[in-house]
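Once you've looked at the hints, dock chain Z against the given chain X.
Number of protein chains: 2
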Amino acid sequence: MDTLYVIKVGGNIIDNEEKLASFLNDFAQLKGLKVLIHGGGKIATEISKGLGIEAKMVDGRRITDTETLKIVTMVYAGLINKNLVAKLQAKGCNAIGLTGADANIIPANKRPVKEIDYGFVGDVDNAKMNGTTLSLLLKTGLVPILAPLTHDQQGNMLNTNADTIASSIAVALSANFDVNLIYCFEKEGVLDGEEKVIPSITHSYFNELKNNGVVVAGMIPKLDNAFAAIGKGVSSVYIMHADALPALINDKKAVGTKIS
Amino acid sequence: MDTLYVIKVGGNIIDNEEKLASFLNDFAQLKGLKVLIHGGGKIATEISKGLGIEAKMVDGRRITDTETLKIVTMVYAGLINKNLVAKLQAKGCNAIGLTGADANIIPANKRPVKEIDYGFVGDVDNAKMNGTTLSLLLKTGLVPILAPLTHDQQGNMLNTNADTIASSIAVALSANFDVNLIYCFEKEGVLDGEEKVIPSITHSYFNELKNNGVVVAGMIPKLDNAFAAIGKGVSSVYIMHADALPALINDKKAVGTKIS
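Residue numbers (the UniProt record's numbering), protein chains in the order written: chain X, 1 to 260; chain Z, 1 to 260.
This is chain X alone, in the form it adopts within the complex (with noise of 0.2 Å):
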């Protein structure tokens, strides 16, 4: 099988021109098949603050309302993704920029109400997931760039975490391709307690970390996502900065986490 590498990239490069110009250059020269999930940013805040329209917090959790929906899928779907593709586009990299909805890609479930009304966020339907359009892009030669929205098949979008996405593609596509996931963030890795960046971690290394309060807050559901994906076929995952993607996959050095 060929070996594919599904890149999930934050907000924080999103939002800075430099980091962002740099990111593209490497990723256009990225060697081999791709995938690109990108975060959202502060666009969308700002965008909302312009229009008068206030984020909806409860329990410190964003909640989409109507109108924050319209907003995400403005600004995730039109302009972050179809910027990317251009600049990737002139860059000589095939992008092209998709969401969930989009050909079926992510079906999803808009979330039950629960403690909790998070209004139009969607829970991927893994279920339903099939790899087949995407495996097909990818064979014909393009980059597939995935904005973090999804669909309810009812006929709404629905704003998805990134992370959660990148995840559940790179499992779906495990069935046709050997993948490996990495989620780049503005760290060298996951860090032990005296902040050097730990090469390799199981999950019983994981829960040890986790009981000792050396991984906190927001790195616990990246690990869980990633660990559930090393479950589902995916061959390897890595938690690494975005700046040593060429380092790993051009020139096959070992950097950030791998996880296994």
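Calculated directly from the structure, the hints in this document are not laboratory data. Nothing here was measured: the structure is a model prediction, and the numbers come from that model. Check before you lean on any hint, since a few could be wrong.
No copy is singled out in the list; a pair is fine if it fits within one copy or between any two copies.
Below, a list of computed lysine-lysine pairs in the DSS-like style, where the Cα atoms sit at most 27 Å apart [said to hold, decoys possible]:
no. : residue 1 : residue 2
1   : K128      : K91
2   : K258      : K19
3   : K232      : K252
4   : K128      : K31
5   : K232      : K42
6   : K187      : K222
7   : K91       : K110
8   : K196      : K56
Just chain Z now, with coordinates in the frame of chain X:
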């Protein structure tokens, strides 16, 4: 060769919830291969106003400055395109939403500055147009939904006339399909001096109607686009009401104005 319908629908249908629902019901049920090109509508103007960005006009023509380009990229490629895709997916139509930047489907050039600087407006680079990716998508059962945006091949999106995109796409795909290009608008077809639909129009009759002042304003460029497509491999072009699409395509009835 398989028959393909390239259908352009204007902003007046996009803007009207009831008309749009009826159009999407019809479109989803059209038999055979199809591509949809949608216009922009008034939503972009409303969002601009909301953000305090005033439409820039020079000699009555709208100028796409940097801020306006952001708005149309958000609204056309994001809000409108993805809502069409999600709604069609819910009706069992395997829609995939794209712009001319995606997969380099429509290479374009920024319009040169002469008397007027139109800003980020694209003229389609027809010599570089290539129907390969769209043909591949169509042959796998996907239904491409195109927003009226292209790219300058140097990293920028460009605002582009939807009628022109429809014509360019129809010509490019005529190498692989028997293409029928259909311009849907709010009237039954091209009207004669007595407001009756002209069932069939030749180029010499078009010139006569133009000289007599029967065909005026926006209809002239639409017919120019129509005749240009006919001369370059497209089998037929129709100008007609959107409501008559099922009659034309599913029931093979003579409706609207046929250009030949």
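How the hints compare with the structure:
With identical chains, the CA atoms of K128 and K91 are at most 27 Å apart between copies only, with a shortest distance of 17 Å across copies and 34 Å within one. In this assembly of identical chains, the alpha carbons of K258 and K19 lie at most 27 Å apart only when taken from the same copy (23 Å versus 53 Å across copies). For a Cα distance limit of 27 Å, the shortest separation of K232 from K252 inside one copy, 24 Å, qualifies, whereas the shortest one across copies, 50 Å, does not. In this assembly of identical chains, K128 and K31 lie within 27 Å of each other by CA distance solely across copies; the values are 26 Å between and 30 Å within a copy.
For the identical chains of this complex, K232 and K42 are neighbours neither inside a copy (32 Å) nor across copies (46 Å), given an alpha-carbon limit of 27 Å. With identical chains, the CA atoms of K187 and K222 are at most 27 Å apart within one copy only, with a shortest distance of 13 Å there and 55 Å across copies. Proximity of K91 and K110 under a CA criterion of 27 Å is satisfied inter-copy only: 18 Å between copies versus 37 Å inside one chain copy. Taking the shortest alpha-carbon separations for K196 and K56, neither the intra-copy value of 37 Å nor the inter-copy value of 54 Å comes in at or below 27 Å.
Consistency with the previously given hints fails for numbers 5, 8, ordered from lowest to highest.
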